[in-house]
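Read top to bottom, the protein sequences are chains L and P.
The numbering used here numbers the first residue of the first sequence as 1 and each following residue consecutively.
The numbering used here numbers the first residue of the second sequence as 1 and each following residue consecutively.
These are computed hints drawn from the structure, not numbers from a lab.
We treat Cβ as the ideally placed atom computed from N, Cα and C, and that holds for glycine.
Take a look, some chain P residues computed to stay more than 12 Å from chain L by CB distance:
no., residue
1, Phe14
2, Asp62
3, Lys73
Dumping the calculated SDA-like pairs for lysine to any residue here, alpha-carbon to alpha-carbon at most 20 Å:
no., chain 1, residue 1, chain 2, residue 2
4, P, Lys9, L, Gln41
5, P, Lys15, P, Glu79
6, P, Lys107, L, Ile38
7, L, Lys44, P, Lys107
8, L, Lys44, P, Glu32
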Amino acid sequence: EAGVAQSPRYKIIEKRQSVAFWCNPISGHATLYWYQQILGQGPKLLIQFQNNGVVDDSQLPKDRFSAERLKGVDSTLKIQPAKLEDSAVYLCASSLVRLRGIEQFFGPGTRLTVL
Amino acid sequence: AQRVTQPEKLLSVFKGAPVELKCNYSYSGSPELFWYVQYSRQRLQLLLRHISRESIKGFTADLNKGETSFHLKKPFAQEEDSAMYYCALSGQGMDSNYQLIWGAGTKLIIKP
Numbered sequence: 001e002a003g004v005a006q007s008p009r010y011k012i013i014e015k016r017q018s019v020a021f022w023c024n025p026i027s028g029h030a031t032l033y034w035y036q037q038i039l040g041q042g043p044k045l046l047i048q049f050q051n052n053g054v055v056d057d058s059q060l061p062k063d064r065f066s067a068e069r070l071k072g073v074d075s076t077l078k079i080q081p082a083k084l085e086d087s088a089v090y091l092c093a094s095s096l097v098r099l100r101g102i103e104q105f106f107g108p109g110t111r112l113t114v115l
Numbered sequence: 001a002q003r004v005t006q007p008e009k010l011l012s013v014f015k016g017a018p019v020e021l022k023c024n025y026s027y028s029g030s031p032e033l034f035w036y037v038q039y040s041r042q043r044l045q046l047l048l049r050h051i052s053r054e055s056i057k058g059f060t061a062d063l064n065k066g067e068t069s070f071h072l073k074k075p076f077a078q079e080e081d082s083a084m085y086y087c088a089l090s091g092q093g094m095d096s097n098y099q100l101i102w103g104a105g106t107k108l109i110i111k112p
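The shape of chain L in the complex, shown without the other chains (with noise of 0.2 Å):
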């Protein structure tokens, strides 16, 4: 079975730069969770699909972070304009459904350096 994909796995950009990531999740999981996890944290929840619907964004900055999941299977997370405090490793995960409690299955992650 193929697990979560992400790319790019690296990127470099300056300050007030546009950024996209993509995930692929596991062929048949219906909820995908965008996290961003800065050097020395765990990773926090950005946003949650259902489907292509979102579940939660709570903690998603809105005024420069946008994320879709247009056909309820790829995702993509976007920057704009990103800040140095957005240098972090940015994670796709999946699960089958959305139960409390299921295993999240993840990606390799993007590696972003705002300089």
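Given chain L, put chain P in place with the hints provided.
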């Protein structure tokens, strides 16, 4: 407030010695807790969850509601246990949706 605390950023023990990675949580409801692990150059993956009451790779974790802890233990450490370990709590987010709340992680180094 919902919070997970892992007090040790780094834990270094010798091979064959017992290991205990500490995790404390703050949650008003009935908690569900997990340990995730990230080996070098690998993805974050589930190690174990308290509801399963299982032992994975020799690791166990017991939920202690009185002490609000979920410490991860292994009696005899092996070099392949070296990794980053994260404790996570299934807590409530927007509209009562459950989301994982993560500790900052503990880096475990097993010395030969």
